[in-house]
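Heads up: the sequence shown begins at 1 in full-length UniProt numbering, then just goes up one per residue.
Hints are not guaranteed to be accurate.
Here are the computed lysine to any residue pairs in the SDA-like style, where the Cα-Cα straight-line distance is at most 25 Å [said to hold, decoys possible]:
1) Lys73 - Glu94
2) Lys63 - Leu85
3) Lys63 - Glu94
4) Lys73 - Leu87
5) Lys63 - Thr53
6) Lys73 - Gly60
7) Lys49 - Arg89
8) Lys49 - Glu70
9) Lys63 - Leu37
10) Lys63 - Ile43
11) Lys63 - Glu47
Simulated restraints on C-beta separations [as the list claims (entries may be wrong)]:
12) Ile43 - Met91: 42 to 48 Å
13) Asp71 - Ile43: 21 to 27 Å
14) Val100 - Val45: 39 to 45 Å
Hints in this document: simulated from the structure, not taken from any laboratory. Quick caveat: nothing in here was measured; it's all calculated off a predicted structure. Idealized CB from N, CA, C, for every residue including glycine.
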Amino acid sequence: MASDLSRHHHIPDTVEGDDYTPTPSEPGSDSEGSHLLIGESLIPVRERKPPGTTVVTIDGLLKDPLLLMEDLKEGCGGQLWPAGLLLSRYMLEEHATDLVEWSWEQEAV
1 MASDLSRHHH
11 IPDTVEGDDY
21 TPTPSEPGSD
31 SEGSHLLIGE
41 SLIPVRERKP
51 PGTTVVTIDG
61 LLKDPLLLME
71 DLKEGCGGQL
81 WPAGLLLSRY
91 MLEEHATDLV
101 EWSWEQEAV
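Modelling step: build the complete structure from the supplied sequences, incorporating the hints.
Structure follows, in structure tokens:
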């Protein structure tokens, strides 16, 4: 049944006039799951950043900025992600008074 479904929902090799060629790390067109391949014209490759230190104020909500070292080596590359910054901003905006007296030391006890 899955193969019937994949024939009906095949993603074409050409997207908006751009030619699509699978990269060597992707399965070839005859491989199982090849109908799920999406070209870089739809989802561009994320730009590689050099390692460094990022200063974060979370839209000015932090009195003292955080200095975050981004090593860019493993996993998510040690990069800050927009979702994490969004959650941080929400916590600071919605729970600022709840967090004033909170500390990691209190939680460890």
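request  = Would you check the hint for Lys63 and Glu47, treating anything up to 25 Å between C-alpha atoms as holding?
outcome  = violated (30 Å)
request  = Would you mind confirming whether the straight-line C-alpha gap from Lys63 to Leu85 stays at or under 25 Å?
outcome  = holds (16 Å)
query = Holds or violated: are the alpha carbons of Lys63 and Ile43 at most 25 Å from each other?
reply = violated (37 Å)
ask   = Between Ile43 and Met91, does the beta-carbon spacing fit 42 to 48 Å?
value = For Ile43 and Met91 the Cβ distance comes to about 30 Å; the hint is violated.
inquiry  = Holds or violated: Lys49 and Arg89, Cα atoms, limit 25 Å.
reply    = holds (23 Å)
request  = State, for the Cβ atoms of Val100 and Val45, whether the hinted interval 39 to 45 Å holds or is violated.
outcome  = The hint (39 to 45 Å, Cβ to Cβ) holds, given that Val100 and Val45 are roughly 42 Å apart.
request  = Take a quick look at whether Lys49 and Glu70 sit within 25 Å of each other, Cα to Cα.
outcome  = With Cα atoms ~9 Å apart, Lys49 and Glu70 stay inside 25 Å; holds.
ask   = Is Lys73 within 25 Å of Glu94, Cα to Cα?
value = violated (33 Å)
inquiry  = Holds or violated: Lys63 and Leu37, Cα atoms, limit 25 Å.
reply    = With Cα atoms ~46 Å apart, Lys63 and Leu37 exceed 25 Å; violated.
query = Taken at face value, is the distance from the CA of Leu87 to the CA of Lys73 at most 25 Å?
reply = holds (24 Å)
query = Given the hint that Lys63 pairs with Glu94, does the C-alpha gap stay at or below 25 Å?
reply = holds (16 Å)
inquiry  = Check the hint pairing Lys63 with Thr53 against an upper bound of 25 Å on the C-alpha distance.
reply    = The hint holds at about 18 Å.
Checked against the numbered hints given earlier, this structure breaks hints 1, 6, 9, 10, 11, 12; the rest are met.
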